[in-house]
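Each chain, letter by letter, is given below.
There are 4 protein chains.
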Amino acid sequence: MASDLAAPDVKYNAAELTEFLDKAFPQMHALGRVYFIDEVLPGEAIVRLEAGELQLRPGGTVSGPSLMGLVDYAAYVVLLGNMGLHALAVTTNININFLRKAEAGNMIATCRILKGGKRLVVMDCEIVREGSDDLIAHATATYSIPPTSFKG
Amino acid sequence: MASDLAAPDVKYNAAELTEFLDKAFPQMHALGRVYFIDEVLPGEAIVRLEAGELQLRPGGTVSGPSLMGLVDYAAYVVLLGNMGLHALAVTTNININFLRKAEAGNMIATCRILKGGKRLVVMDCEIVREGSDDLIAHATATYSIPPTSFKG
Amino acid sequence: MASDLAAPDVKYNAAELTEFLDKAFPQMHALGRVYFIDEVLPGEAIVRLEAGELQLRPGGTVSGPSLMGLVDYAAYVVLLGNMGLHALAVTTNININFLRKAEAGNMIATCRILKGGKRLVVMDCEIVREGSDDLIAHATATYSIPPTSFKG
Amino acid sequence: MASDLAAPDVKYNAAELTEFLDKAFPQMHALGRVYFIDEVLPGEAIVRLEAGELQLRPGGTVSGPSLMGLVDYAAYVVLLGNMGLHALAVTTNININFLRKAEAGNMIATCRILKGGKRLVVMDCEIVREGSDDLIAHATATYSIPPTSFKG
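Protein sequence lines, in the order shown, are assigned to chains A, B, C and D.
Residues in the first sequence are numbered from 1 upward in steps of one, following full-length UniProt numbering.
Residues in the second sequence are numbered from 1 upward in steps of one, following full-length UniProt numbering.
Residues in the third sequence are numbered from 1 upward in steps of one, following full-length UniProt numbering.
Residues in the fourth sequence are numbered from 1 upward in steps of one, following full-length UniProt numbering.
Watch out, some of these pointers could steer you wrong.
Since the list can't tell identical chains apart, any single copy or any two copies may satisfy a pair.
Stated by the list, open to error - Below, computed lysine-lysine pairings styled on BS3-like, alpha-carbon distance capped at 25 angstroms:
id : residue 1 : residue 2
1  : Lys115    : Lys101
2  : Lys101    : Lys118
3  : Lys23     : Lys101
4  : Lys115    : Lys23
5  : Lys115    : Lys11
6  : Lys11     : Lys101
7  : Lys23     : Lys11
Derived from the structure by calculation, the hints contain no laboratory data.
Same shape as in the complex, but just chain A (with noise of 0.2 angstroms):
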């Protein structure tokens, strides 16, 4: 779960970037929200999808695309949480391995960062559903920070 206390090597917390990213991202939790950020640590952050009809699919599968999106904003946490509120950011890459059927459950994202360079951020992902190790997914996703982006 979401922890308010300090955490003195990130710039900003799970409680932090949650209130930044819900004003920056209102249409993310239109339909109530899935996305949770658990923990920012250094390097690293966890990002939680509590999938629900909409994540679904028939077999009670969680859908590709959810995790793509899970992917894609945990990596954006961890580079906020590490770097500053480069709200500018945009992501450049993404590379998705789906491993194995992600029945229906909480989905957990570990990002860190393999790479925070000015320009681009490298990062890795690992996706296992709530409760187990096996990997349901392994990602790499690149963002690109534009020169006037840092806001914090």
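Fit chains B, C and D to the supplied structure of chain A, relying on the hints for placement.
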């Protein structure tokens, strides 16, 4: 727009696939249809995303996850239309490069089969904004076909 | 084959780039030349790998790393030919799908610029065996151009 | 360095795989050995590239294609060591992010199996320069195992 004309060189045309996919994945259109199959051609398919409020980000940009969903759907369409109703085919990899800002408007994905194997089908997709030739995104997608999945 | 004819729509033609690259990267041909620039066209380049013993695997298959080297080289050629001699441009990402067995023979890579930005240049490359249209491999490549790299 | 000690939790250890691969792919070391298998562990392998003149670029940087070759080889090693001698396994996809300049020196690839399926094996690899923790490159690799390839 979707053509009902017979397309002798594909296994299923746009109208047939729309009907099949609506039944197989009713959740996709639970909030109103945003993905439309325009054409199924030999080795190729054209699929449209009519981005609505839920697919937009502040400033009127079509969201990255919406474009990834478009790739996933369009790649599935070209596979089914050309290779038969492999209902159990699953996405194993998507790699997407986001090339330009996706200003609000219809997004047109043109996907083609690079290799249609018995076990792996690899496709690439180009996404443009309707009325422009500039690439918004480029993706490759791989689907795996289980041994028992063939239905038509 | 390499054309010496003026190519008014590109910045450098095949002969000019061959000369530039031979000087910049002499190690590439230390064991004999295997990569040849066939053509530099607007937004596109055609580069050939003449696989010799060192590039082959048992059974007469062109090795995967040789094909990846071809992608890296050909993507650089189309960038330089169309955007100028960014000698410090560096590869940031290559994604390659190996589609068919690469039987011994000349491998022809056709690379085109998907987006030629000031900071990131994204290309895709198709590799066929000379004399066939079947794709051996498909790749995307991203180069980053440092602020100070521009030379011509 | 390569360990000859029995590794009860893997199918083949570093010495056994070195012998197998030297016979299967003699061309790889035709100009002198540059790839060395350091360790084969459960679900993991560590492989070293001792870059020589042929692998270097001007300025003393290890070339991108050499790093891609390292990924390809190391991914194959972890697959064989843990899953048996699938001599016919073929690379279907490699995605590599180049993160930092690869200053001359030994490159250490640590690859692990993300999913070891009957048909597809997905791995990721991290490459560092020996003596540093900074990532030089990160890659994912997918191998396909043909139905008839199993040898051990």
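Here is what the structure says about each hint:
Taking the shortest alpha-carbon separations for Lys115 and Lys101, only the inter-copy value of 12 angstroms comes in at or below 25 angstroms, while the best intra-copy value is 30 angstroms. Taking the shortest Cα distances, Lys101 and Lys118 sit within 25 angstroms of each other only across copies (15 angstroms), while inside one copy they are farther apart (36 angstroms). For the homomeric pair Lys23 and Lys101, the shortest alpha-carbon distance between copies (21 angstroms) is at most 25 angstroms, but the shortest distance inside one copy (33 angstroms) is not. Taking the closest pair of Cα atoms, Lys115 and Lys23 never come within 25 angstroms of each other, the shortest separation being 27 angstroms inside a single copy and 31 angstroms across copies.
Taking the shortest alpha-carbon separations for Lys115 and Lys11, only the intra-copy value of 17 angstroms comes in at or below 25 angstroms, while the best inter-copy value is 33 angstroms. In this assembly of identical chains, Lys11 and Lys101 lie within 25 angstroms of each other by CA distance neither inside one copy nor across copies; the values are 35 angstroms within and 27 angstroms between. Proximity of Lys23 and Lys11 under a CA criterion of 25 angstroms is satisfied intra-copy only: 18 angstroms inside one chain copy versus 46 angstroms between copies.
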